[in-house]
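Engineer: Sequence:
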Amino acid sequence: MTVIEARAPEVDSRPTAPAGVRGAGMWTGAGERATFTWLHTPENGRTRGLVVIAPPVGREHVQAYRPLRQLAMLLTGAGYCVARVSYRGVGDSHALSPEEDLLAEWERNILDATRQAREVCGIEDLPVFGIGYRVGAGLLTRCAEHFDRVLAWEPVSGAVFVKQWARLRRATLPEIPVGEGVDLMGLWLTDEQARQLSTLTDPRKLPELPGNVEIHREQDQPRAKVMYGVESLDVRVHYDVLEELLWRLPRPQLVDSVCGGRGPQRNVFRAPSGELCAEEIVVVDPQGYPGVLTGPVQDEAAAVAPWPGKPTTFFAPGASEPRDGSTLWSETARRLAGQGVVSLRADRDGAGDRALLWSDRDPNPYRYLNAQALREQAQWLADHFHTDVVATVLCSGAWAALRAAREPAGIAATSMVLVSQNEWRMNQKFFDELRLSYDGDAKLRAKTAARPAEASGPHPGSRRGDGRTEPGRAASAPHGAERAAAPTVPERARTALSGARVWATDRLGDAKQAGSLALRHHTPEPVWNLMARSPAASIPDHVLERASHNRSVTLLVGPDDEPRYRETMADRAVTRLQRRGRDIHEHFVPHVDHSVLSRTARNLIARQLDEVFAQWKVQ
35 MTVIEARAPE VDSRPTAPAG VRGAGMWTGA GERATFTWLH TPENGRTRGL VVIAPPVGRE
95 HVQAYRPLRQ LAMLLTGAGY CVARVSYRGV GDSHALSPEE DLLAEWERNI LDATRQAREV
155 CGIEDLPVFG IGYRVGAGLL TRCAEHFDRV LAWEPVSGAV FVKQWARLRR ATLPEIPVGE
215 GVDLMGLWLT DEQARQLSTL TDPRKLPELP GNVEIHREQD QPRAKVMYGV ESLDVRVHYD
275 VLEELLWRLP RPQLVDSVCG GRGPQRNVFR APSGELCAEE IVVVDPQGYP GVLTGPVQDE
335 AAAVAPWPGK PTTFFAPGAS EPRDGSTLWS ETARRLAGQG VVSLRADRDG AGDRALLWSD
395 RDPNPYRYLN AQALREQAQW LADHFHTDVV ATVLCSGAWA ALRAAREPAG IAATSMVLVS
455 QNEWRMNQKF FDELRLSYDG DAKLRAKTAA RPAEASGPHP GSRRGDGRTE PGRAASAPHG
515 AERAAAPTVP ERARTALSGA RVWATDRLGD AKQAGSLALR HHTPEPVWNL MARSPAASIP
575 DHVLERASHN RSVTLLVGPD DEPRYRETMA DRAVTRLQRR GRDIHEHFVP HVDHSVLSRT
635 ARNLIARQLD EVFAQWKVQ
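One rule links them: number in my numbering = place in the sequence shown (from 1) + 34.
Certain hints may be false.
[To be verified] No more than 30 Å apart at the CA atoms, straight line, and that leaves these computed lysine-lysine pairs for DSSO-like:
| id | residue 1 | residue 2 |
| --- | --- | --- |
| 1 | Lys-197 | Lys-259 |
| 2 | Lys-197 | Lys-239 |
| 3 | Lys-259 | Lys-239 |
[Said to hold, decoys possible] Label pairs and their calculated CB-CB ranges:
| id | residue 1 | residue 2 | range |
| --- | --- | --- | --- |
| 4 | Asp-466 | Val-289 | 44 to 52 Å |
| 5 | Glu-133 | Arg-641 | 43 to 51 Å |
| 6 | Pro-442 | Val-292 | 44 to 52 Å |
Because the hints were derived from the structure by calculation, they are not lab data.
By construction, the Cβ of each residue, glycine as well, lies at the ideal position given by its N, Cα and C atoms.
Start from the sequences and build out the full structure, keeping to the hints where you can.
Structural biologist: Below, the structure is given as structure tokens:
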């Protein structure tokens, strides 16, 4: 068994970071109470002070990940050290215990990360500022006395957050039972913790705002919401807003400091099963993907290593989400570590801490580059541990693993677990064109564009805590004060023509879908099998045939994906391959949403994964 030594990643010095910026993750705290903090530092060792970014929670943490990372880069380029905090139960940080006081714990997480960042950067005597986003604004306001200045950015009360996400959970996943506690789509709380979060006050509603706290809120709220209130692929980064935040901070003189130190790269903890385990912050070469390695250890000083006979695995989330998959993979990694399995969760290009910088939108997640990333991550595990490697992948992550298996170079995975896999087209061009045409936030932007220029110009206004408009900002027109002019005849004609074009496009799409469905259902199986052998075919038969060659494949299909799974004849492909002796299996798992965000779905997927990894017997 080859033993590896975790080393501090120089991730942000790679091409995805601007010149002069370094970055590395670190553990704050220890054991099952540890949190993950990403620290950005100026490369020249000169700094103005420390900025602590307190993010949102739950799905808003995922949606805001890219804007906050880009904000951190902007601040670091201006000479600040920047700490991006994750609270317990969020991101790569460890889970909350049911009995813990939620607000007290999250406040402690912020202050502990602040203290450690100051020590690592060597800026004990320099000012410390805070930027809190959404729920993070209220959390920072609670402990504002520890900061020289706090910017409360788009603040929201805990009560509003809980109400909105509980309602969204019921509306979008009505068929999935909630079970115990409060399920907030990627954030599960006990009833008491949800009540505690609901007591978090919106800073704007405080009887007296602390003197060092400033409210920053866009007047154009539809525009503001595309940075936190849409799905992760639809998020748009507004650089004027990020620059506004930068210029609202004081700008002390630059001074020499350590600025480049490294915090703890290893955390030893007990898995839920009680086994001694550790997590190590690593860089996956050759491309430098930032990652976290989790697995069992013999003692506190020993390197992470799987038990004899047990495999390693790597995870890949869907869309362009960070490596933790809205805590799905960080939770899974710690549970599997207690069963002797070593796991790697690492970002891919365009995602998480490898997201493209200075691009206002995530790229198409169905990219060959993602397939390359998973190939390199699988090979990294194989080279370091010389044991079986399992690909545990979700949605577009599953597509990338299948795409890698299709290539001549293949992928060093002896087994695949494909969760919510429903897309069998392997041609990136199709998804590039789809990404260009699909615009999930089009309605929000159209609404903004329809407003008078003075109310929604290129630099939306923001208001101070006292309600006064900031200097140089135009005030919004009173509601109903301005009415749109009646459309002219040419405008009405253009509108009618556009409607006719949309109608024709929709009908053509319906006809194509009906024809495709008829072809799939009525094509004789020998002809279908012959078609599947074509390398150009993007049908499950060909894709799964390549994937199941000399490896086990398990498909976990939930109700959201089952209709398309059967429509594309993936079930027939599995049956055909089983008859040929391939080690391929499908499991239809009830109450599992596509993105595995509900607590019920996560418990069911956990049970399935436990069964998959139990087949590797300890020798």
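Engineer: Each hint needs a verdict: does it hold in this structure or not?
Structural biologist: We went through each hint and held it up to the structure:
{"no.": "1", "hint": "Lys-197 x Lys-259", "result": "holds, 17 Å"}
{"no.": "2", "hint": "Lys-197 x Lys-239", "result": "holds, 17 Å"}
{"no.": "3", "hint": "Lys-259 x Lys-239", "result": "holds, 20 Å"}
{"no.": "4", "hint": "Asp-466 x Val-289: 44 to 52 Å", "result": "holds, 47 Å"}
{"no.": "5", "hint": "Glu-133 x Arg-641: 43 to 51 Å", "result": "violated, 25 Å"}
{"no.": "6", "hint": "Pro-442 x Val-292: 44 to 52 Å", "result": "holds, 48 Å"}
Violated hints amount to a single one, hint 5; each of the other numbered hints is respected by the structure.
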